[in-house]
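There are 2 protein chains.
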Amino acid sequence: MINAFEVPGDEAERFIAAWEKTRDYLATQSGYVDTALHQAVTPGADFQFVNVARWRTAQDFQTAIQSTGFRESAAGMAGYRPHPALYQVVRT
Amino acid sequence: MINAFEVPGDEAERFIAAWEKTRDYLATQSGYVDTALHQAVTPGADFQFVNVARWRTAQDFQTAIQSTGFRESAAGMAGYRPHPALYQVVRT
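Protein chains in written order, with my numbering: chain X, 1 to 92; chain C, 101 to 192.
No wet-lab data here; the hints were simulated from the structure.
Please note that a few of the clues may not be correct.
With beta-carbon atoms standing in for the labels, derived distance ranges [said to hold, decoys possible]:
id, chain 1, residue 1, chain 2, residue 2, range
1, X, 71, C, 133, 20 to 28 angstroms
2, C, 175, X, 65, 33 to 41 angstroms
3, C, 192, X, 69, 16 to 24 angstroms
4, C, 178, X, 34, 19 to 27 angstroms
5, C, 120, X, 24, 35 to 43 angstroms
6, C, 133, X, 79, 28 to 36 angstroms
7, C, 181, X, 69, 15 to 23 angstroms
8, X, 59, C, 130, 36 to 44 angstroms
9, C, 178, X, 91, 16 to 24 angstroms
10, X, 78, C, 121, 38 to 46 angstroms
11, C, 133, X, 34, 35 to 43 angstroms
So these bits of chain X aren't anywhere near chain C, every CB distance computed over 10 angstroms [to be verified]:
id, residue
12, 4
13, 20
14, 66
15, 87
16, 90
17, 91
Chain X regions said to be covered by chain C (calculated; three or more residues, Cβ under 8 angstroms) [unchecked claim]:
id, stretch
18, 28 to 34
19, 48 to 62
20, 72 to 86
All C-beta atoms, glycine included, are put in the ideal place defined by N, C-alpha and C.
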């Protein structure tokens with residue numbers, strides 16, 4: 001799962017706190033493997049944050065984000081436009 | 101370096117061929133570590149492709165993409181809107 005977030009430059013700390021709350025919930029869910037939150041070091045990047053998470057299966061991820069616990073834990077992310085999708089590596 | 105590309109659904113093969121040509125060049129440059137091209141499995145994803153590459157330093161990457169060889173090898177990517185930036189992992 002890769003999710004690119006549109007976050008104003010001066011809201012990094014607030015975004016990270018909201019992201020951590022969501023991560024703490026998702027990390028308890030079946031099929032969660034790991035995650036890495038990337039912050040841009042390039043000035044003016046279109047996406048200040050990109051999250052790259054691994055899940056055992058697509059179904060595990062879908063089940064996790066359809067839960068009430070997810071919606072509650074992710075409430076603080078509402079102000080940041082996300083661009084999420086599930087991906088597979090096709091070339092290296 | 102994370103780069104999210106806007107690619108129409110029916111141009112996947114053409115995009116991958118162009119990406120491979122660019123990768124083959126960049127893989128010869130100083131500081132290149134590795135790369136992974138991710139293709140969306142979610143229908144309607146904003147970005148059909150996201151490339152996640154690792155470089156030894158930001159300067160190595162900047163030097164590589166300012167070369168004539170890069171511009172030549174990346175000519176086939178011109179039609180696909182990119183959203184590139186350099187990132188560091190801030191949370192896991």
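For each hint, the structure was consulted:
no., hint, result
1, X:71 <-> C:133: 20 to 28 angstroms, "violated (38 angstroms)"
2, C:175 <-> X:65: 33 to 41 angstroms, "holds (39 angstroms)"
3, C:192 <-> X:69: 16 to 24 angstroms, "holds (21 angstroms)"
4, C:178 <-> X:34: 19 to 27 angstroms, "violated (35 angstroms)"
5, C:120 <-> X:24: 35 to 43 angstroms, "holds (39 angstroms)"
6, C:133 <-> X:79: 28 to 36 angstroms, "holds (35 angstroms)"
7, C:181 <-> X:69: 15 to 23 angstroms, "violated (36 angstroms)"
8, X:59 <-> C:130: 36 to 44 angstroms, "holds (43 angstroms)"
9, C:178 <-> X:91: 16 to 24 angstroms, "holds (19 angstroms)"
10, X:78 <-> C:121: 38 to 46 angstroms, "holds (41 angstroms)"
11, C:133 <-> X:34: 35 to 43 angstroms, "violated (19 angstroms)"
12, 4, "violated (6 angstroms)"
13, 20, "violated (7 angstroms)"
14, 66, "holds (14 angstroms)"
15, 87, "violated (4 angstroms)"
16, 90, "violated (4 angstroms)"
17, 91, "violated (4 angstroms)"
18, 28 to 34, "violated (count 1)"
19, 48 to 62, "holds (count 3)"
20, 72 to 86, "holds (count 4)"
The structure fails hints 1, 4, 7, 11, 12, 13, 15, 16, 17 and 18 (numbered hints given earlier, in ascending order).
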